[in-house]
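Numbering of the sequence shown is given in the working numbering, commencing with residue 1 and proceeding in unit increments.
Check each hint, because a few of them may be wrong.
Cut-off 30 Å, straight-line C-alpha distance, at most; resulting in silico cross-link-like pairs (DSSO-like, lysine-lysine) [what the hints assert, rightly or not]:
(1) Lys176 <-> Lys190
(2) Lys52 <-> Lys150
(3) Lys150 <-> Lys190
Hints listed in this document are in silico derivations from the structure and should not be mistaken for laboratory results. Bear in mind that the values here come from a model prediction, so they are computed numbers and not experimental data.
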Amino acid sequence: MKALLFSVGAAILVLLAGLPIAYLNWPAPAPLAAAINDGAQIGGTFELQDLKGRSVTQETFNGRWTLVFFGFTHCPDICPTTLSHIASVMDGLGDQAAQLQPLFITLDPQRDTPELLAEYTAFFDPRILALSGSAEQTRQVAEAYGVYFKQVAAGDTYTLDHSTGLYLMGPDGEFKRRFAEPLSAGAMVKDIAGLLDAD
Numbered sequence: 001m002k003a004l005l006f007s008v009g010a011a012i013l014v015l016l017a018g019l020p021i022a023y024l025n026w027p028a029p030a031p032l033a034a035a036i037n038d039g040a041q042i043g044g045t046f047e048l049q050d051l052k053g054r055s056v057t058q059e060t061f062n063g064r065w066t067l068v069f070f071g072f073t074h075c076p077d078i079c080p081t082t083l084s085h086i087a088s089v090m091d092g093l094g095d096q097a098a099q100l101q102p103l104f105i106t107l108d109p110q111r112d113t114p115e116l117l118a119e120y121t122a123f124f125d126p127r128i129l130a131l132s133g134s135a136e137q138t139r140q141v142a143e144a145y146g147v148y149f150k151q152v153a154a155g156d157t158y159t160l161d162h163s164t165g166l167y168l169m170g171p172d173g174e175f176k177r178r179f180a181e182p183l184s185a186g187a188m189v190k191d192i193a194g195l196l197d198a199d
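Using the sequences and the hints given, assemble the complete structure.
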């Protein structure tokens, strides 16, 4: 009996020891928090297009704070909820909102046309700037921010499995904060306002 209990206990310990490795390799890469703790660069060079087809790079926002969110218009819950939080943050900042440019970068350029993105972001707040790119440009900017995303079949169409969170980037393009779920617009306003005041 003791031998059996020892064997079961040993098996459980082996299983638990393997969980961190399994988590890091399926289906997403290492979580963003781990990447930040390891000193990985968040943000950097990218090239996308705005809703009028004009090229937009990280240099477009030099001198301005940006609040970056990755998602897609067919997202059923997290994306609309997060965009609502962004709108609340912009309202809560009052005059300081002029210093902050919220960006919505689509992870689904295949379906998210400029017309659809314009209608979608305007529903939440017209100050949110939607950006899109080719499949390769989308992959590059997602990697720059440590964002995981993957197409998942859903009947005769697909959805996207993707990491969430908001990235606050300083006017010098440097990463300042990541706001993770569950989001609190009030706490975000307080934090961001303090950073804007100190700038």
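Now for the hints, and whether the structure bears them out:
1. Lys176 <-> Lys190: 14 Å, holds
2. Lys52 <-> Lys150: Answer holds: Lys52 to Lys150 is near 27 Å, not above 30 Å.
3. Lys150 <-> Lys190: 33 Å, violated
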